[in-house]
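Residue strings, one per chain:
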Amino acid sequence: MSTDPTVAAESPPGAQVKVQFITSHADISLPENTGPILVPTHLRRYGLSSIINHLLASEKPIPFDFLIAGAFLRTSLDEYLTANGLSSESILTLEYVRSLIPPLYLASFEHDDWVSTVDVLSRSSPLPQLSSDAAGQERILSGSYDGLLRVWNMSSQILATSSSVGDGGHTSSIKAAKFISPSQVVSSGLDRTVRIWNYNESSDHFSAELEPLLELYGHTGSVDSLAVHAPTNKILSASTDHTLGIWSVNKSDNPTAPPQLLPSRRSTSARSKRRKTTSSDSTTPCRGPLALLRSHTAPVSSTVFSPSDPTVAYSVSWDHTLRTWDLVTASLVDTRTTSHPLLSLTSLPDLHLLAAGTSARHITLIDPRADVTTVSALTLRGHANAVVSLARDPESAWGLVSGSHDGTCRIWDVRSTKPSTGAVSGEVGESVYTIKREDQPDGVRKVGGEGIKVFGVCWNRELGIVSAGEDRKVQINRGKDVMASSE
Amino acid sequence: MTAPLQSKKRKAVTRDVPDVGSDVSDDEFQTGLLEGILSQSESDSEDETDEEDGSELDEDAEDDIDSDEIPDEDEEEADSGLKLVNGGKISSAITRKENNNDTEDAGFSEENEEPNYTVTEDANGNPRYIYKEIDPVYDSDDTDAQETTNTIGNIPLSFYDSYPHIGYDINGKKVMRPAKGEALDALLDSIEVPKGWTGLTDPNTGKPLELSRDEMEILRRIQMDEIPEDGYDPYPATIEYFTSKTEIMPLSAAPEPKRRFIPSKHEAKRVMKIVRAIREGRILPYKPPSTEDKESTTKYYDIWANEKPRSDHIMNIPAPKLPPPTHDQSYNPPPEYLPSKSEKKAWEEADDEDREKEYLPTKHDALRKVPGYDRFVKERFERCLDLYLAPRIRRNKLNIDPESLLPKLPSPEELRPFPTTCATLYRGHEGRVRSLAIDPTGTWLASGGDDGTVRIWELLSGRQIWSMKIDDEAVNVVRWRPGKDAVIISAAAGESIFLIIPPIVDPETETTSRDILDAGWGYAAKSTNTTASASVKKEPPAKWTRPGTLLEDGGVLVKATVRSTIKVISWHRRGDYFATVSPTGQNSAVAIHTLSKHLTQLPFRHLRGLAQTALFHPSRPILFVATQRTIRSYDLVRQTLLKTLSPGARWISSLDLHPAGDNLIVGSYDRRLLWHDLDLSTRPYKTLRYHSKAIRAVRFHQGGLPLFASASDDGSVQVFHGKVVADLMENATIVPLKVLKGHAVRKELGVLDVEWHPREAWCVSAVPITPASPYPLCYLTSPSRLVRPLATLEHLRQPPQQLRAPAAPHELRHYGSLTSHTPPISEFHHSSGHLFFTRNHENHSTSPAAHPSPAPDLAILQSLLQAALAQGTVPLEKEIRVREELASLLVVEYERGAACWIRRVRAGYLPLPPPAYGGGEYDSCVCGGCVLGFGFRAREARVGEGGFGC
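For the record, the sequence lines run as chains A and B.
According to full-length UniProt numbering, the residues represented by the first sequence are 1 to 487, in order.
According to full-length UniProt numbering, the residues represented by the second sequence are 1 to 950, in order.
Any given hint could turn out to be false.
Stated by the list, open to error - Here are a few chain B residues that face chain A, going by a calculated C-beta distance under 7 Å: (1) 322; (2) 326; (3) 328; (4) 422; (5) 423; (6) 443; (7) 506; (8) 507; (9) 760.
What the hints assert, rightly or not - Straight line, CA to CA, 30 Å or less: simulated BS3-like cross-link-like pairs of lysine-lysine: (10) B:132 x B:195; (11) B:378 x B:345; (12) A:436 x B:741; (13) B:397 x B:469; (14) B:341 x B:258; (15) B:723 x B:469; (16) B:597 x B:484; (17) A:446 x B:341; (18) A:446 x B:747.
To be verified - Far from chain B, some chain A residues (derived; all Cβ distances over 10 Å): (19) 138; (20) 172; (21) 190; (22) 246.
Bear in mind the hints are in silico, worked out from the structure with no lab data behind them.
Every residue gets a Cβ at the ideal spot worked out from N, C-alpha and C, and that includes glycine.
For reference, chain A alone in the conformation it holds in the complex (with noise of 0.2 Å):
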């Protein structure tokens, strides 16, 4: 294949590498086994892509990125072949996948208070999936610090507005909010209470309802962070008290509620009285939680289910630890600790890895199983503030976004790394796409995040990355084009 003309015509004689093209996607596969290619050395990615893109003879061309031994290609073959003192007798195997685009801002809608936390209904979406009919009726969730939660429909329009305090809303801010089913929303915020929801849309997609259906009452601080599983009807719940909440969707299989945490018993001060009278005719049957885990001794700051066994969850906290919970027996498997207080978790399922974001500005990835002795898998650097939301890419095993109070969200790529500096052992992850906040001018930087923190991410395929933050806002990012390819 020396004599590929645009390679030929551009490469000294002697400057060259014999590399193997291959791909895990049958898509963009080459035609034939074209067998190992004699290429100029000193091309990088975007070379290499035009290679493979003439190669493809595909009229529209798809950037490309190269993999080589599980890890990207950033610099010139040249220098890798340096840097890994490998000759250039050597044949390279590069894997070549399709490169991430940079996502583009695509809207944003505004909301009256901070905004800390958003989720998404949408066909693709993880559990809680929309029938494949529906197309274009992908929903946005989003809980403000208002007490309010919002459900949007992509162009930007309020479907439905939970209840106010009087009329059985949350008392306080909300702080975690998600969808359970196309029909049922979960939240929980300040008040302590995990409440659940009946989402009714009218049919012709235009106005809905949201309608209390369940307040469990059980913890006694704020709760942070709720999980959903729904083949089992189960939510997580994590609080600053120090404990996780495990609870049912339905009304039956909880307990009644604990009579001591219920706002109704408050009658001694003018102030619960003056709540009482105005939350009195809600009529929301209130419960309690199927178990409490304790076990952290700091606020739990995130919890997710197994991707593997719904009986199995992960709890973060800012006690430095993560715990591995059986649900069933409500007891605690493993505590990995870690160096820095955690506040946001999410799992990599294929990597069998659980990314956990940190006070301290980075990302740990966390491998859960009990029999691995090094606690961090990989550091992922770059955030300039707490790391308090991460979600995963749904189209990669590889991918996560994470939303920081340094007011930007940042793509990361686990196979994306370069050896470490400093005092920072092992392989160091690098972001590859920061998004910021809209308004958000380049290059200006905020003391604390002020007024730009991301208090929530999420990540759909059909939408894109979804975040919001302090700016009062939810946006919208997506790489076009990795979008239309796909489809």
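Got chain A; can you put chain B on it based on the hints?
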């Protein structure tokens, strides 16, 4: 002889003494006197022998004594000369003893020779000496006898002035007054000693040795330092045997020899020899010195004079030759020989000795552009020095890395975690934030500020959860009650403490908290009923009331009002007691409140100095109270003062205890941060002067991390690593870790408070922030302040030198004050003092010179002024506009280089009195007007400008 007799005798003797010159006959007197003196000085045994032998004499003396009765009046006269006590008397007696012996010898010399024994004949007819038995009475030891002579004890001898005796001996007998010196002398004069009496025995004859008249004369001569020999003339007349005089008759009559007058042949022969030699030319009368000779004496050989190429051999040393000039010595060297910039710089920076080449290759366009040799003079000079063999100074370069001289400290990187970056801003307070507190669970942040509100924030996100305006006055301090069973905030605004249950807790905890707060109401009511009579008389130190419905609805449940403005709240770890400090309250400055009883006690009836802050020991019942200069610790159980620490700071602003309780850090308004080891000393173990302005707050991390932080008016928070080891032998390690900057300084107030998270290495600081647009100099709108946690900045630890404040201007002088009782300026005692800082003017150099005290540190003064402002000494509410004329004057002063803080006065930093300010009380002090006087009283501040005209 018996003892009574002796004592009688003594008595008689002493009585006799004064009457030396009286009618008593000399002979009788002699013996009696001597006996008495001996009896006092010598041992009794000796006395007895004497007396046995001379019994007749004794009897005579007895008679004398009996006959002589001396009137008392005479005795008194005698006393005057002999007031010296026993010792003096006795010594005089001893000295006289020899004389006594002499006199005795005159009378009965034989008995006196062998006083201790009697000689008898033994069986063989030889003489046998029989020694007397030594009577072992107590008095037999004469050394003891002296000491026990008088038994009157330690009373003045003058008590016996009117008696003939001066005390009593061990036997109860009177000790008679001894004879005085003059009397003795008179007596001795009267004694006739035979001529030539020596008191010695001639060994040859066995008879008393008597000196002849000649011998006496010799002795006298020797005594007089004369030459003993009679008739010896030390200076005889000189006899001149040889003189210069020419005698008429010569000693020898021989004729003069011939050689005296005929010329010497030998000499002529020698002269002729020389003449001949001269004639023959062997001797030259004068030869001019030839140059050749000179040269030949110091001949140098040029061994290379005829240098020819020779074979290469070790013995063939070629002539030394300077190397030919190379390319780089050319005036136009090829470019590769020209030095690069770095080489040039290195060459220029290197010392002469260290340079490889003496020259720097330089390129000139043409030979005519080559400048003169600039090193010519220096080179000549060096050459001269070489020729003089002048020793040159050889520099010993100290090849030590200066870093290695610094003590080894662990690098900050190894001491992670510590706060480095600003993570969250908490914006919302109107006016500056005064105080901060993170709740025991580490989730919430409470803050109180000048706007009279207490606010609660979500620590991580910076969201304000709750806000409550509790008072019109500024909230000076906010503290959470320790313990996780209940959630209670205590806040102090003005004179009141408010206990608040914020609506952020679950109903169960809220009930518990309410129970805790309400428990005291019943107690308070009961106690007032029972002790009604007592409480009527005395005003209770604090009034515990309900704050009113409006506040109670908001969760403010209890209000306790004390007598003066509270600045500090410090909770006991159990959460039932808290101490408050109101610096302006005199006796009620420190109060301890019991929450469960709604009871306030004033532990200190009188406190020395102004109380600044108080703190409970983390584990023991100890209360630390800091006044302006000292810290005292009190045991609350035993109610005793345990320790007084003097950190050496001029005005303590804050203190905090290490969670282990053995170490204390103190911050002061004069920029010092002091670390006290309580076990070590009352002086600070370390003094850290890294801040350029007053330190407002110091805080230890209470959650196990070895960290502490100090907040200062210079707008920085400094984080230190302070590790305390359990080992008592090892000192605490203190490493500066990070300067957290980025806090704006507004109105000279920087970071007012700092607080650590209970577990994590997060700290929160209360700062004013710089607004985007400058604020008008108006007091009514205060710039928005905010609280900033997890502080900031990229700068790593700075060396201390860079952190020092600039030196104070020299113009400032401490000048003293009007009132004499005023403390010095460093005190800045607002309750009683006036302070005057003057600027030394050229025209008035005399007046400031009269006060030699050094210029106070300007920064310290500023800090003190700010402290006064912050303390409420100078009420900010009563600030008045700057007077126009004063302002203009001060502008002028500023342009002429007045001290910078005067400008700040103009900028409205200090409140000024209304325009009705005259010369009055400060005129006499300010001496004509180039002086600014500042007088501070308890609640007002005054600026006096004097007459600026001069």
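Results of checking the hints against the structure:
1. Among the interface hints, the one on residue 322 of chain B is violated; its C-beta lies about 51 Å from the nearest C-beta in chain A, farther than the 7 Å criterion.
2. A distance limit of 7 Å between C-beta atoms decides the matter here; for residue 326 of chain B the minimum to chain A is near 41 Å, and the interface restraint is violated.
3. With its C-beta approaching chain A no nearer than about 38 Å, residue 328 of chain B sits outside the 7 Å limit, and its interface hint is violated.
4. Interface hint status for residue 422 of chain B: upheld, as the beta-carbon distance to the closest one in chain A is roughly 4 Å, under 7 Å.
5. For residue 423 of chain B, the shortest C-beta to C-beta distance to chain A is roughly 6 Å, which falls under 7 Å, so the interface hint holds.
6. Taken as an interface hint, residue 443 of chain B checks out: its beta carbon lies about 5 Å from the nearest beta carbon of chain A, inside 7 Å.
7. The interface hint given for residue 506 of chain B is met, as the beta carbon of that residue sits about 4 Å from the closest beta carbon of chain A, less than 7 Å.
8. Interface restraint check: residue 507 of chain B against chain A, minimum CB-CB distance 5 Å, threshold 7 Å, status holds.
9. A distance limit of 7 Å between C-beta atoms decides the matter here; for residue 760 of chain B the minimum to chain A is near 6 Å, and the interface restraint holds.
10. As the CA atoms of residue 132 of chain B and residue 195 of chain B are separated by approximately 34 Å, the hinted pair breaks the 30 Å bound.
11. Taking the CA atoms of residue 378 of chain B and residue 345 of chain B, the gap is about 22 Å. The hint holds against a cut of 30 Å.
12. Between residue 436 of chain A and residue 741 of chain B the alpha-carbon distance is near 26 Å, which keeps this suggested pair within the 30 Å criterion.
13. With a C-alpha separation of about 69 Å, the suggested pair residue 397 of chain B and residue 469 of chain B falls outside the 30 Å cut-off, and the hint is violated.
14. Restraint check for residue 341 of chain B and residue 258 of chain B: the C-alpha separation of about 104 Å exceeds 30 Å, so the hint is violated.
15. For the suggested pair residue 723 of chain B and residue 469 of chain B, the alpha carbons sit about 40 Å apart, so the restraint of at most 30 Å is broken.
16. Taking the CA atoms of residue 597 of chain B and residue 484 of chain B, the gap is near 20 Å; set against the 30 Å cutoff, the hint holds.
17. Distance restraint check for residue 446 of chain A and residue 341 of chain B: the Cα-Cα separation of roughly 41 Å exceeds the 30 Å cut-off, and the hinted pair is therefore not satisfied.
18. Among the hinted pairs, residue 446 of chain A with residue 747 of chain B is consistent with the structure: their alpha-carbon atoms are about 24 Å apart, no more than 30 Å.
19. No beta-carbon of chain B is positioned within 10 Å of the beta-carbon of residue 138 of chain A; the least distance is around 28 Å.
20. Distance to chain B contradicts residue 172 of chain A as a non-interface residue, since its nearest Cβ pair spans about 8 Å, not more than 10 Å.
21. Listed as a non-interface residue, residue 190 of chain A fails to keep its Cβ farther than 10 Å from every Cβ of chain B; the least gap is roughly 7 Å.
22. With a least beta-carbon separation of about 19 Å from chain B, residue 246 of chain A lies farther than 10 Å from that chain, consistent with its non-interface assignment.
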